[in-house]
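To convert, count from 1 in the sequence shown and add 362; that's the numbering used here.
Do not take every clue at face value.
[Said to hold, decoys possible] In silico lysine-lysine, DSSO-like type, Cα no more than 27 Å apart, as pairs: (1) K390 - K452; (2) K439 - K493; (3) K390 - K488; (4) K390 - K493; (5) K488 - K452; (6) K452 - K493; (7) K439 - K488.
[What the hints assert, rightly or not] Quick list of simulated restraints, FRET-style, between CB atoms: (8) A427 - A521: 20 to 26 Å; (9) A436 - E397: 25 to 31 Å; (10) R457 - L494: 14 to 20 Å; (11) G458 - P368: 34 to 40 Å; (12) R433 - D372: 39 to 45 Å; (13) R411 - G524: 40 to 46 Å; (14) G381 - A427: 27 to 33 Å; (15) N435 - E504: 28 to 34 Å; (16) R391 - E424: 26 to 32 Å; (17) V382 - A426: 28 to 34 Å; (18) D387 - A408: 30 to 36 Å.
In case anyone wonders, no lab produced these hints; they're calculated from the structure.
Computed from a predicted model, the values in this text were never measured in an experiment.
Don't be surprised by glycine CBs; every beta carbon is placed ideally from N, CA and C.
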Amino acid sequence: MSAPAPLTADHDVADFDCGVPALNDWLKRRAFRNESRFSRTYVVAAGNRVVAYVCISAGSVERAAAPGRLRRNAPDKVPVSIIGRLAVDKRHAGRGLGADMLADALRRIAFAARSIGIGAVLVQAKDENAKLFYLRCAEFLEYPEESRTLFLPIETVVAAFG
Numbered sequence: 363m364s365a366p367a368p369l370t371a372d373h374d375v376a377d378f379d380c381g382v383p384a385l386n387d388w389l390k391r392r393a394f395r396n397e398s399r400f401s402r403t404y405v406v407a408a409g410n411r412v413v414a415y416v417c418i419s420a421g422s423v424e425r426a427a428a429p430g431r432l433r434r435n436a437p438d439k440v441p442v443s444i445i446g447r448l449a450v451d452k453r454h455a456g457r458g459l460g461a462d463m464l465a466d467a468l469r470r471i472a473f474a475a476r477s478i479g480i481g482a483v484l485v486q487a488k489d490e491n492a493k494l495f496y497l498r499c500a501e502f503l504e505y506p507e508e509s510r511t512l513f514l515p516i517e518t519v520v521a522a523f524g
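Could you build all of it, start to finish, from the sequences and the hints given here?
The structure is reproduced here in structure tokens:
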């Protein structure tokens, strides 16, 4: 299997199946179109067949919508890096690829934080299982509590991957 790399037209996404139709469809129908302007998708491939992917983009959240420690001295809109989607093909599940893809995304975000302002990494977990995955892998803050909105302060990311 390859190391995580940018998605290109050479990658085959046709047979990707993580078990979540929305994540499968996004990779097959939207990832390539979004690549030029809205997001970056990184993939692990077996040959040219994609077996895992993660999508990163930029955004912001209202200061009031961020956890307390992120609000301190923050602008009205806190700049964030968004991990929009992360999925592993069912045939490759249970091998640590999801955690590897998350680590790769966080490493890329830590590198970007050297050049641009980023207050946190934001994840809107699709479901409870996804939320638990992120909470197991890193020190994400759940805010508001009992939600699926997760923040990882950029200082934590830079300390681990910078």
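Open item on the list: Quick check on a hinted range of 39 to 45 Å for R433 and D372, using CB atoms only.
Closed with: For D372 against R433, whose Cβ atoms are near 43 Å apart, the range 39 to 45 Å holds.
Open item on the list: I want to verify a distance hint. Is the separation of the beta carbons of D387 and A408 within 30 to 36 Å?
Closed with: Violated, since D387 and A408 (Cβ atoms, about 21 Å apart) do not stay within the stated range.
Open item on the list: Would the hint linking K390 and K493 be met if the CA-CA limit is 27 Å?
Closed with: 24 Å, holds
Open item on the list: Between the beta carbons of V382 and A426, is the distance compatible with 28 to 34 Å?
Closed with: At 31 Å between Cβs, range holds.
Open item on the list: Holds or violated: K452 and K493, Cα atoms, limit 27 Å.
Closed with: Distance of about 18 Å is within 27 Å: holds.
- [ ] Mind checking the hinted window 25 to 31 Å against the Cβ distance between A436 and E397?
- [x] Cβ of A436 to Cβ of E397: about 30 Å, so the range 25 to 31 Å holds.
- [ ] Would you check the hint for K390 and K488, treating anything up to 27 Å between C-alpha atoms as holding?
- [x] The given pair, whose Cα atoms are some 18 Å apart, holds under the 27 Å limit.
TODO: Sort out whether K452 lies within 27 Å of K488, counting only the CA atoms.
DONE: The hint holds at about 17 Å.
Open item on the list: 26 to 32 Å was suggested as the range; check whether the CB atoms of R391 and E424 agree with it.
Closed with: Holds - the Cβ-Cβ distance for R391 and E424, about 30 Å, lies within 26 to 32 Å.
Task: Given hint K493 paired with K439 - CA-CA distance at most 27 Å - done: Since the Cα atoms of K439 and K493 sit roughly 24 Å apart, the hinted pair holds (cutoff 27 Å).
- [ ] Could you check the hint for me, namely that A427 and A521 are 20 to 26 Å apart, CB to CB?
- [x] 24 Å, holds
TODO: With 28 to 34 Å as the target window, see if N435 and E504 comply at their CB atoms.
DONE: Cβ of N435 to Cβ of E504: about 22 Å, so the range 28 to 34 Å is violated.
The structure shown violates the earlier hints numbered 11, 13, 15, 18.
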